[in-house]
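Enquirer: The lines below spell out each chain.
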Amino acid sequence: EAAVTQSPRNKVAVTGGKVTLSCNQTNNHNNMYWYRQDTGHGLRLIHYSYGAGSTEKGDIPDGYKASRPSQENFSLILELATPSQTSVYFCASGEGYSDYTFGSGTRLLVI
Amino acid sequence: QQKVQQSPESLIVPEGGMASLNCTSSDRNVDYFWWYRQHSGKSPKMLMSIFSNGEKEEGRFTVHLNKASLHTSLHIRDSQPSDSALYLCAASSQGGSNAKLTFGKGTKLSVKS
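First to last, the sequence lines map onto chains A and B.
Under the numbering used here, read the first sequence as residues 1 to 111, first letter to last.
Under the numbering used here, read the second sequence as residues 1 to 113, first letter to last.
Watch out, some of these pointers could steer you wrong.
A few chain A residues facing chain B, derived, Cβ under 7 Å [stated by the list, open to error]: (1) Asn10; (2) Val12; (3) Ala13; (4) Gly17; (5) Asp38; (6) Tyr97; (7) Tyr100; (8) Phe102.
Derived EDC-like pairs (lysine to aspartate or glutamate); straight-line CA-CA distance at most 20 Å [what the hints assert, rightly or not]: (9) B:Lys100 to A:Asp62; (10) B:Lys42 to A:Asp62; (11) B:Lys108 to A:Asp62.
Calculated from the structure, these hints are not laboratory results.
Beta carbons are placed, not taken as given, at the ideal position from N, Cα and C, and that holds for glycine.
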């Protein structure tokens, strides 16, 4: 069954540390997305990609980098984590007007 | 600024009642809307999508779209406690292969038995 898998499910990081969130999809979709979800803000787009080797800035890219080394994998990187980046992060894949499928999410706590 | 506005922020309906949720985009290039449902602690799951003017019905769920006003609404009839969730509206302003989904803040629906 096609799926979007995120890892880790939960992460505690220290302020100033580096954090990498990983996402793998078996949908064979060209497009992948990283969102964060905070109470009162809905889902906000951080970075997205239209294919291997490409990354684009979303609406709130500051403090985040992204990497798309292959069709299946899309990572979100926090080089210097801050408490304001404590959130739930969702990865999604999709294409055109299809159903955009979300992973189960990663809960990140930066202390 | 938020390009996708949803209302109301929260809604309480009795079991068996009708829930009506609204969504409007301020981006004139939007050409497609999705409605997602997210239960507490879970990931969003697509309910319905619409791109043509008019109405689309699937079971207890009906979606309307007015492209001229970029307004869509979701109506849930015979609401059940299991419908209690956060409902997210998403809009895309880039068709073809390079769609970029922008979400609203959501409407929290509570169905009381």
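Enquirer: State the violated hints by number, sorted upward, taking the hints as numbered earlier in the document.
Expert: Going through the list in order, the structure violates hints 1, 2, 3, 4, 5, 10 and 11 and respects the others.
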